[in-house]
Amino acid sequence: MTLDAQVEVRLGTLDLDVKLTVAPGEVLAILGPNGAGKSTLLRALAGLVPLDSGRITLDDHVVDEPATATFVPAEQRPIGVLFQDSLLFAHLTVSENVAFGLRARGTARADARRRANAWLERVGLSKYAGAHPRTLSGGQAQRVALARALATNPRLLLLDEPLSALDVGTRGDVRRELRRHLQSFDGVRVMVTHDPVDAYALADRVAILDAGRLVQVGTISDVTAHPRSRYVAELVGTNLVTGTVTEGVLVTKAGARVVIADAEPGLSFAVIRPQAITLQRGAPVDTSTRNVWPGRITDLDRLGDRVRVHLDGPLPLTAEITVAALNALALRPGDEIAASVKATDIHAYPV
Amino acid sequence: MPALVIAILAIAFFTLPFVGLLWRAPWSRAWSVLTQESVRQALWLSIRCSLWATGFAIFFGVPLAWLLARVNFPGRSVARALCTLSMVLPPVVGGVALFFSFGRRGLFGQYLDRWFDFRLPFTTWGVVVAQTFVAMPFLVLTVEAAIRQLDRRFEDAARTLGGTRWYVFRRVTLPTVRPALVAGAVLAWARALGEFGATITFAGNFPGTTQTMPLATYLRLESEPQEALILSLILIAVSFAVLVGLRDRWLGNAPAPTSAAAGA
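Note that the protein sequences, when read in sequence, are chains A and B. Start counting the first sequence at 1; every next residue gets the next number (the working numbering). Start counting the second sequence at 1; every next residue gets the next number (the working numbering).
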């Protein structure tokens, strides 16, 4: 199964125009902020929102193409969808929920029940077969919803923020479970999420969606190492600088100079990892570090035993230091500080 | 505090008429009235007609409620107003309107008569039509409100699982709005059971065919007030039993009904 889609949908203020191809056995994560059009994209693939123009093909089968008035409704597409809030039917038992898709497609009651129970066993919830969904925890409900989505043996599995409604404690468990089932599923999988952690854990490739457009598509390591927009850089938690390189020095629009060890001349991106930045009070003397920029601390974000220090200046940066270092330097918002990075720690690539 | 006093006055307002009724009831004659052929006829006719009317209200009202809630067509609010007009209309006016459209000489009734040899006025089916006419809006409004409040993502989920629109309606939408459907059906049934004005205008007052309990009660009030009292008590008992019986079992998490049951 290959998914090939040119999705163009205009809905209210959203103008979605996305082209994507997903290979058999691949997991594609669509990552983007709220309102970027992620859910609409997924709903279009599912057949719940018709395209305005473009085309969606599954293998060589066209399921939506306004130009030829082709539209296969959701119930006739070989899909399974896992929604954010599980959306289990409250008036049915857990087993009946899992059997719903089979029954809707005409499987006899006894056979549907047997297969539903086999699925419940696979997600480890056999003993809840006769229970009502409201008695389940959020994580259990999402596992039942996964069994329900997979029970019809779909070729295309769509996951809409599958973990974001769960609390932090269960999220990890369900993520591992999801990973296991996604691996044993050989169709195409497309997952929408706003959490990069989900994308890292579950996907082979990521597509970054912003304001209805794909701004970057690639493997996770590629996107992390070579972000091509400020948004992507922020998402993966790194600093992105844009400017023109001449003789090993990148100059930004604001005039900041960044010395880079092996940079090709021309318009370039440069990635400065927050962990590579050293902070100190007063300019360093006798140092091998080629880059020293003045800056003022605007904000401090504590993440466990690390602190993210946001700096404003000719070159706005985010540095990551330990709590111990923060305390030793007694840093506070508003402090003037010097940030330094070795030229060999900066990675540049053409725009 | 003033609110409490007013609320207690309201309770008294609803309770005192029943106290009066019970106080004045000629209990010694109750059995002989109950076993009268004409009374049993009227009661049986009332129950049959009101159940038929409730059945028709469900059969036509649920699709209508779905249409009003879900399909965005021009003139929807006008359609809703027309379909619920009979709820606020004086029932006699409804009866007159039915008479001039579905009566034997009526605009449409004449063809029923000529082509199918079928007459509604002054027949039991006329009673059912009159009751359905005034009772259905109660069901439509209740079910429509419930369908509107439904989280449509559940239906989306059912569609992605392979359910056709009709399958999803039966297996997901209807079970979800069931409390509202039951509430609406009870309201409609109560309205049909109490229907007087439209019935007597459109269907007349023939013992055994169109004389329902409210009609029988009203007529006896002039000739046999004691019997009228007992008939009233029977109607109260039947209504009260159904309301109490259903409340706990079915209406547990029903949305608040949009309007109260009314009797004519």
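Simulated from the structure, these hints should not be mistaken for lab results. Idealized CB from N, CA, C, for every residue including glycine. One should not assume that every hint holds.
[Claimed, not checked] Distance ranges between label pairs, derived from CB positions:
#1 B:G75 - A:H132: 49 to 59 Å
#2 B:L112 - A:R114: 16 to 26 Å
#3 B:R70 - A:K19: 31 to 41 Å
#4 A:R114 - B:R70: 33 to 43 Å
#5 B:R70 - A:A211: 55 to 65 Å
#6 B:R170 - A:R180: 33 to 43 Å
#7 B:A81 - A:T21: 45 to 55 Å
#8 B:F14 - A:P50: 22 to 32 Å
#9 B:W166 - A:K127: 31 to 41 Å
#10 B:F13 - A:K127: 34 to 44 Å
#11 B:F14 - A:R114: 32 to 42 Å
Structure-based check of all given hints:
A C-beta distance of roughly 42 Å is found between G75 (chain B) and H132 (chain A), which places it outside the suggested range of 49 to 59 Å. Judged by the Cβ atoms, the range 16 to 26 Å given for L112 (chain B) and R114 (chain A) is violated: they are separated by roughly 54 Å. For the hinted restraint 31 to 41 Å between R70 (chain B) and K19 (chain A), the CB-CB distance of approximately 33 Å keeps it satisfied. A hinted range of 33 to 43 Å for the beta carbons of R114 (chain A) and R70 (chain B) is consistent with their spacing of about 36 Å.
In this structure, R70 (chain B) and A211 (chain A) break the distance hint of 55 to 65 Å, their C-beta atoms being roughly 31 Å apart. For R170 (chain B) and R180 (chain A), the Cβ-Cβ distance of about 35 Å falls inside the hinted range of 33 to 43 Å, so the restraint holds. Checked against the hint of 45 to 55 Å, the C-beta distance between A81 (chain B) and T21 (chain A) comes to roughly 52 Å, which is consistent with it. For the pair F14 (chain B) and P50 (chain A), the supplied restraint of 22 to 32 Å is violated, since their beta-carbon distance comes to about 53 Å.
At about 34 Å, the CB distance of W166 (chain B) to K127 (chain A) agrees with the hint of 31 to 41 Å. The beta-carbon spacing between F13 (chain B) and K127 (chain A), approximately 55 Å, falls outside the hinted interval of 34 to 44 Å. Distance hint check for F14 (chain B) and R114 (chain A): the Cβ-Cβ separation is about 56 Å, which falls outside the suggested range of 32 to 42 Å.
Going down the numbered hints, you'll see the structure goes against 1, 2, 5, 8, 10, 11, while the others check out.
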